[in-house]
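Asker: Residue numbers (our numbering), protein chains in the order written: chain C, 1 to 121; chain U, 1001 to 1121.
Worth double-checking, as some hints may not be accurate.
[Said to hold, decoys possible] Computed footprint of chain C on chain U, listed as stretches where at least three residues anywhere in the stretch have a Cβ under 8 Å from a Cβ of chain C:
{"#": "1", "segment": "1001-1012"}
{"#": "2", "segment": "1024-1034"}
{"#": "3", "segment": "1045-1051"}
{"#": "4", "segment": "1066-1076"}
{"#": "5", "segment": "1088-1100"}
[As the list claims (entries may be wrong)] Far from chain C by the CB rule (all over 10 Å, computed), these chain U residues:
{"#": "6", "residue": "A1015"}
{"#": "7", "residue": "Q1021"}
{"#": "8", "residue": "D1037"}
{"#": "9", "residue": "V1040"}
{"#": "10", "residue": "V1109"}
No lab work stands behind these hints: they were computed from the structure. Beta carbons are placed, not taken as given, at the ideal position from N, Cα and C, and that holds for glycine.
Protein chains: 2
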Amino acid sequence: MQTLNLAEKLSQFKAHWSPHQIAIVDDMQVLLAKIKDEFVWHKHDDEDELFQVLKGTLIMRFRESEQIVKEGEIIVVPKGVEHCPTTKDGKEVHILLFEKLTTKHTGDVQAELTKTQYPKL
Amino acid sequence: MQTLNLAEKLSQFKAHWSPHQIAIVDDMQVLLAKIKDEFVWHKHDDEDELFQVLKGTLIMRFRESEQIVKEGEIIVVPKGVEHCPTTKDGKEVHILLFEKLTTKHTGDVQAELTKTQYPKL
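Looking at chain C on its own, in the form it has when it is part of the complex:
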């Protein structure tokens, strides 16, 4: 029952597109990530995925549209929906993710950026 300081946890790593696990809530996990430029188009067939922007602006691309998600905003990507998280102008963005422990980093896609394990902070 420790208090988790998000800024302090974020200060412990630098790599982009490398989620770090800070907590587990039942069968879900809280991840922190620093992201920059474009990720990988993918979907999660069986899991929803929540993104909360802690710093900067996330552009969540979908096949037919995109959503701009600013600091203090949340977006939930429903299961089965292809998405590609992106940032603009080479800016680093800090996000919190809330998702099942079973959710794979790049879903049904295997890519150079794919992580199969998340370090714990």
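Since the structure of chain C is provided, determine the placement of chain U on it from the hints.
Answerer: Using the frame of chain C, we list chain U on its own:
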């Protein structure tokens, strides 16, 4: 796949200890609440509960200790652990909760403050 602005959602209600549901992620829900003074001692036998402080300082009391949770910090209360969320000096605190759809507001306790349904925003 709408973007949810936490400040805008919080501006839509005033009542204390009245969680409002802003999103569902699989079998869990995201709630926003404004809290002030002391809640009710209770526990959730089967569900963990995540609290994220968006504004102010939450004092999470446990039977043998307490944790101070400031803006930008998170605490996860494990299932089965008695807790009593509190604020100090009559200050209003804004929190985000992440918990199962089955989690009862005051767990195993029925109290005057107990809500059996959460309005959706």
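Asker: Now tell me if each hint is right for this structure.
Answerer: Now the hints, each set against the structure:
Coverage of a stretch by a chain is defined here by at least three residues with a beta carbon nearer than 8 Å to that chain's beta carbons; for the segment 1001-1012 of chain U and chain C the count is 7, and the condition holds. Judged by the Cβ-Cβ criterion of 8 Å, the segment 1024-1034 of chain U is covered by chain C as claimed, because 5 of its residues qualify and three suffice. Note: the segment 1045-1051 of chain U has 4 residues with beta-carbon separation from chain C under 8 Å; the three-residue rule is met and the coverage holds. Only residues whose beta carbon comes within less than 8 Å of a beta carbon in chain C count, and the segment 1066-1076 of chain U has 9; three or more means the coverage holds.
Check on the segment 1088-1100 of chain U: 3 of its residues sit with their Cβ under 8 Å from a Cβ of chain C, so the three-residue criterion for coverage holds. Its beta-carbon lying about 22 Å from the closest one in chain C, A1015 (chain U) satisfies the requirement of being farther than 10 Å from that chain. For Q1021 (chain U), the shortest C-beta to C-beta distance to chain C comes to about 12 Å, beyond the 10 Å cut-off, and the non-interface label holds. No Cβ of chain C comes within 10 Å of the Cβ of D1037 (chain U); the nearest lies about 20 Å off, and the non-interface call holds.
For V1040 (chain U), the shortest C-beta to C-beta distance to chain C comes to about 18 Å, beyond the 10 Å cut-off, and the non-interface label holds. Every beta carbon of chain C lies more than 10 Å from that of V1109 (chain U), the smallest distance being close to 19 Å; the non-interface claim holds.
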